[in-house]
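*Asks:* Given the structure of chain A, go ahead and fit chain B onto it with the hints provided.
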Amino acid sequence: MPNGEHSVERSIKPEELEGQKARALAILLKSGRLPFVVFVDCLAIPGSRYETVVLRIHVEVGQRPVNDIRRVEPIAVVFDKQDETTPDVLALREGFPEVPHLNIRAQEYPRSLCLFDEPYTEVRLRWTPTQFLARLATWLRDTAEGTLHREDQPLEPLLMPDDPYTLIIHPNVFSKGQTAYLTSVSLQVIQDDPRWHIDLVTGEVRPSAATHLLMVVPVPDQTHGVISRIPKDLHELDSFLANAGLSLVAALRQLLVQPRKLLDTEKSRPKELGVILLVVFEKKRSDNDEPETLEFRAFFCEDANIYRIREEIGATSKPEKASLSRRPTDGSTIKLRSANCTFLCMRDCLNGLSGMQGNAQPKLMCIGVGALGSQVVTNLARMGFGEWTLVDSDVLLPHNIARHALHPGDIGKWKATSVAKLVNGILNESSARGIPANVLKPDAHSDDIAGALSVSDTIVDMSTSVAASRWLAADAVSPARRISMFLNPSGTDLILLAEDKDRKVRLDCLEMQYYRYLISNPDRYGSHLVVKGGGIRYGNSCRDVSSRIPQDAIAALSGIGSRAIRLALDGDTAKIVVWKSDEQWFDVTPDEISVRDVVRLDFGEWTVFTDQHVLARAMELRAAKLPNETGGVLVGSFDAQRRLLYIVDILPAPPDSKESRCSFERGTVGLPEKRQEINRISAGWLDYIGEWHSHPRGHGCGRSPDDCRQCVWIADYMQVEGLPGLMLIVSDNEYRFHLQQAVQK
Amino acid sequence: MHTITFYPLGNADTCLVELEGGKKLLFDYANMRGGKDGDLRSDLPKELRSKLKKADRDSFDVVAFTHGDDDHIHGSTEFFYLKHSKNHQGKDRIGIDELWVPAAMVVDTDEDIIEEAKLLRNEARYRLKEGKGIRVFSRPGKLEDWLKTQGLKLEDRKHLISDAGTIVPGYSKKTEGVEFFVHSPFAVRNNDVLEDKNTCSIILQASFYVENTDTDFFLCGDAPYDALQKIVETTKAHKNESRLHWDVFDIPHHCSYTALSSEKGKTKTEPVEEVRWLLEDQAAKGGILVSCSDTIPDKDTDQPPHKQAYAYYDDVRTKIDGELHVTMQYPKKDKPEPLVIKIKKTGAAVEKAILGAAPLISQSTPPRAG
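The listed protein sequences correspond, in order, to chains A and B. Residue 1 is where the first sequence starts when you use the working numbering, and the numbers rise one by one after that. Residue 1001 is where the second sequence starts when you use the working numbering, and the numbers rise one by one after that.
Chain A on its own, in the form it takes in the complex (with noise of 0.2 Å):
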């Protein structure tokens, strides 16, 4: 501001201002160009820093405004020629009144107006004298109509600080309806900054490991609107908070008298204690409404500690003693230095930061903590969700963190019990719990992990094991719905198998449903499962992602696969979804598949699954061809370990095939071809797995002569996998399926 006490201003022209931002206003508003604005003056006080530009403004008012807005209002905008502070924008006319976005000055006249929210240096990017007369013009406007601050806008603040400290308090220092009250704290000082960053230690603490004690004094039912500037001693604080209601000393003197036990445990220390006061207003929109947020400001008392404060403002435990001390003088010797508060962010926190609603946490068990598991983990902790128990094996090495949430200074450690401390350290809580175990040999963590898996809501599998996957899917002792997530091989892209919430539809018979759908979209999917370089990498390693994969492709697929957690915990019906993206500018396109039901049919030593797509499509294949019979390859996989046979596709007739009313004869032409592309586009997974034929209308699905021949034959063959022939026979409306032991020769 300039000091223009004993300097004399000086009426200038526009182009002898030397600001350019104050030369093109000035020149602006001569010109006339602009309607509802009027050149006054330019005025320069020699040697000053500063240039003025004075103007009258046409307000848009009606007949009822509610502040006090002229239709033509004087306006003086004073320049910082250098451009590095915002240009003051004063309001000349006198009575101009007390309003929302006003900035606070030493002096009450001329007022001077905030028109912009943001920076300076932001704003100075875009401004133009039309612009900026615009804004001054909305200003005036909405300030007539009482409409400046937007009601979505956060309520104005009492008080603004101006001292440059920042104190961290735990959010549980207040609550609803407390009452003043006194507690001792343990500060820790951060000065990383020129500001200076100050953290309190999560509530009450010893007095013995104290550094600090804090008051904390509530403030009911204060209404936003007019920012005051903020009281530098404990006088002007008690006059501020008497206007506000409240008798600050009245207070102290009550909480410095009652808690002789905090103060006189330790006698040596309480001298050595600072002493911070922390107001707390309750905060409303209006007079009438119900106070929707608080004000925390902090006032640190320097030089000044418990025993002094009690002697400037009276306050002593022996009334006797009163009289021996000095006279209490008003408080304005106690010198109070602000903070801005701020709280550790909490679950409730994290969820409103998200723009989530803070609802009942599932219970999550994350089996698999690697590149992929680690990030959606963290993600979804940073959002407040979750109550997270992770099991891994490993230990976190040099190489993991190319593409690893955890931190350098893990290296060594457990990844589980890493990533369950630094889920805790983002959601201030000890809710995540780290198993370091394998689940398929947990060893000592047995019971660990049945635990676990017994009380979780969820599992969530991101482990790149298919054998950890299918375990989960057919022996875990669980009732939790599971959730399976990988990246495929090159790591471009993620998919998410999601069982029902009653399981109808297991993890293993999604996986079957997500390979069909890979040969059956061989164009889009033909190499989704094919490592970069050539060659199938076989069973589990599939979803091993140590190969050369970068980390922006982690994090952005984390990102999709944390939302995809989420939203499928949203619903209850089973989900396969496949995330694939385009290499360069990594486009991520869903692709998602419909579940079909699974059909499950036990032969004693061997249970088949297959899934209405299956049947649907041989009564198709049926159809098309009767009055003859048809048939063709059953396309499946097996699990040797459970004895489990999956029948995932089939097969039309060869070309070659031979087909009448009363045989089928499957030809070859093409199917070798056909089970190796297959083969190659499901990594393995999916291949040969029996035939299948229909029999003509009116017939059922028994075995003829020829069909147990042919059983037989096909159990001969699968033999040397150890396999039992299959055949599927349909007719109409109608399907078996036969199961044929190999003839021992």
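Treat each hint with caution, since some may be false.
[What the hints assert, rightly or not] EDC-like, lysine to aspartate or glutamate: derived pairs with alpha carbons at most 16 Å apart:
(1) Lys1266/B to Asp1298/B
(2) Lys1158/B to Asp1145/B
(3) Lys1344/B to Asp142/A
(4) Lys1345/B to Asp457/A
(5) Lys1236/B to Glu1179/B
(6) Lys501/A to Asp457/A
(7) Lys1023/B to Asp1061/B
(8) Lys335/A to Asp162/A
(9) Lys1342/B to Asp162/A
(10) Lys1285/B to Asp68/A
(11) Lys1345/B to Glu15/A
(12) Lys1129/B to Glu1144/B
[To be verified] Computed footprint of chain B on chain A; a stretch qualifies when at least three of its residues, placed anywhere within it, have a C-beta under 8 Å from a C-beta of chain B:
(13) 35-41
(14) 138-146
[What the hints assert, rightly or not] Only part of the chain B face toward chain A is listed, based on derived beta-carbon distances under 8 Å:
(15) Leu1040
(16) Thr1213
(17) Lys1344
(18) Ala1349
(19) Ile1354
Hints are computed from structural coordinates only; laboratory data are not their basis. Using N, Cα and C, we set each Cβ at its ideal position, and we do this for glycine too.
*Replies:* Below, chain B without anything else, positioned relative to chain A:
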């Protein structure tokens, strides 16, 4: 928010009322703009079409012709879809859901009126016969004879007639956010002598309602002082003074002295007492006066606007700490723009938007490039 828009059309009237709920009511239509360069008057059809297009509509809820003079109807029969005439039913014509006219515009005979007014009269007659899409402002009895000639009973058309001293049906503060109180035409027509049509023009007080506050708009047409005098007397006699309160006042007859007094005065027209009372005592503090007229001349002129009348209105403005605007001078003489009045709970405020280059240039056609 409701809005009232006055268009700069020289000495002519068109005023569009847009209600918060979406209804659009047009009071008079006078497309005065010639084809010449430098004509500063609004391209009215273009303005109105673009309003309707934004709302995805092709008709106005109401088109009111306060009376049948050229400066209130000019070009209307080229713009609106007329139900009674096949020649006036082009595809891109704008519909009139409800036509409001004074009784004169039903009963006047050919020799009394201009060609365009005949078409509008025939349209009004057609609609009245049909019994829909019409409201006639009149003492009902006055239409009885004409209805008889058409073989219609007054009883069957009464619901389409609004008399002075009543509220126009179909609009209420509660649902539409506005009510219209009818001041004129009132029944002084002499059967033999056709009085000046202006005395028979529609005069209304529109009372807008936003969040429990009323904002009043007095719409005068071309009322001469003696008509206003009568209205003031009658309204006072009925103790209906609040029906003459105004926040926005549509200055009658392009700022002619005849709306104030029979005497023009040398530098300033002194209004008759009733008109003074209406303008000064019934005004809200901060009220807005709008003159739909050419720019105010420096010299004495025969035709309105009269600088003497303007001088008086300017006194009113000062007295009520309000605003006085002339459509052809707003916001600036060299580039008049439609004058928009926004009606919110804080009252009526003339829109004063300071626009940057980009929004302005994107609304304008640049000169031809070579």
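*Asks:* Please flag the earlier hints that this structure goes against, numbers listed from lowest up.
*Replies:* 4, 5, 9, 11 and 15
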